[in-house]
Amino acid sequence: MTAFIRTPDEQFEDLSDFSFGPNYHTWRDLRMHYVDEGPVDGPVMLLLHGMPTWSYLYRDMIPLLVDA
357 MTAFIRTPDE
367 QFEDLSDFSF
377 GPNYHTWRDL
387 RMHYVDEGPV
397 DGPVMLLLHG
407 MPTWSYLYRD
417 MIPLLVDA
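Residue numbers in the sequence shown follow the numbering used here, run continuously in steps of one, and reach 424 at the last position.
Keep in mind the hints are simulated off the structure, nothing from the lab. As the structure is a prediction and not an experimental result, all values here were calculated from the model. For every residue, glycine included, the Cβ atom is placed at its ideal position computed from N, Cα and C. Worth double-checking, as some hints may not be accurate.
[Unchecked claim] Each pair of labels, with its calculated beta carbon distance range: (1) D397 to E366: 29 to 37 Å; (2) D423 to E366: 28 to 36 Å; (3) G406 to F374: 12 to 20 Å; (4) A359 to D423: 35 to 43 Å; (5) L402 to T363: 19 to 27 Å; (6) M417 to A359: 13 to 21 Å; (7) A359 to D397: 36 to 44 Å; (8) L420 to D385: 33 to 41 Å.
Input sequences plus hints: build the corresponding full structure.
In structure tokens, the structure reads:
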């Protein structure tokens, strides 16, 4: 059996310079966070980070991409 460790949600509250709301996709016992910004009918852009980084890495790029 595989075990997963999940960081408690409260660890992500009140992060400086990260004003994006939480969105999650759940598949079986896994939960993946994603940022969904910009117009609904706009083009999709996937920013994929590796380990040990997370979406906070893209906090300055997301507004620029939304405005592009």
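(message) Please list, smallest to largest, the hint numbers that this structure does not respect.
(response) 6
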